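**Student:** This note's numbering puts the first residue of the sequence shown at 45, with every later residue one more than the last.
Heads up, a few of these hints could be off.
[Stated by the list, open to error] Computed Cβ-Cβ distance ranges for the label pairs, DEER-style:
no., residue 1, residue 2, range
1, Y92, E153, 40 to 46 Å
2, R149, S58, 39 to 45 Å
3, S108, L57, 20 to 26 Å
4, S123, S156, 30 to 36 Å
5, I135, S95, 37 to 43 Å
6, A81, V166, 38 to 44 Å
Hints in this document: simulated from the structure, not taken from any laboratory.
For clarity, every value in this text was computed on a predicted model and none was experimentally measured.
The beta-carbon is built from N, C-alpha and C at its ideal position, and this holds for glycine as well.
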Amino acid sequence: APNEALYPFGYGLSYTSFEYSDLALTQSTLPLGEPVAVTVQLTNSGAYAGSEVVQLYIRDRVASTIRPLKELKGFQKVSLAAGETQQLRFILGSDELGFYSGDGRFQIEPGSFDVFVGGNSVDTLQTSFEWLEVE
């Protein structure tokens with residue numbers, strides 16, 4: 045049996061189609077704990093008005109504990125007319141990037157993070173940033 049789901053998380057059908065573009069971060073290197081803004085353009089490229097749930101996932105490349113390959117950290121439901129484009133903005137801070145350690149303490153760590161934005165957990169645009177320890 046294959047190890048992939050038949051449909052990715054967030055998958056859905058629509059009477060229209062959407063295109064994602066211009067995924068950007070306010071900065072690619074930040075001091076530990078400083079939030080980063082993520083922006084993306086969403087265009088209704090179909091012939092009909094429709095709604096899309098834009099999903100933002102992160103991956104902590106290396107952590108002191110095992111973390112999921114992708115973690116859903118934000119989403120926005122957007123309704124667009126045919127041909128309409130809208131810029132969306134997400135903020136990733138300590139609450140979104142931190143985690144609970146094995147002893148139950150919430151912590152944040154420096155490191156590299158991948159950011160994925162799309163209409164489901166597989167079909168996404170990707171970028172990355174680093175949180176650096178401030179000395």
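**Student:** Could you run down the list of hints and mark each one as holding or not?
**Tutor:** Hint check results:
1. In this structure, Y92 and E153 meet the distance hint of 40 to 46 Å, their C-beta atoms being roughly 45 Å apart.
2. For the pair R149 and S58, the beta carbons lie near 42 Å from each other, so the given range of 39 to 45 Å is met.
3. Taking the beta carbon of each, S108 and L57 are about 40 Å apart, not inside 20 to 26 Å as hinted.
4. For the pair S123 and S156, the beta carbons lie near 35 Å from each other, so the given range of 30 to 36 Å is met.
5. At roughly 22 Å, the beta carbons of I135 and S95 sit outside the given window of 37 to 43 Å.
6. Between A81 and V166 the beta carbon distance is about 24 Å. The supplied range of 38 to 44 Å is therefore violated.
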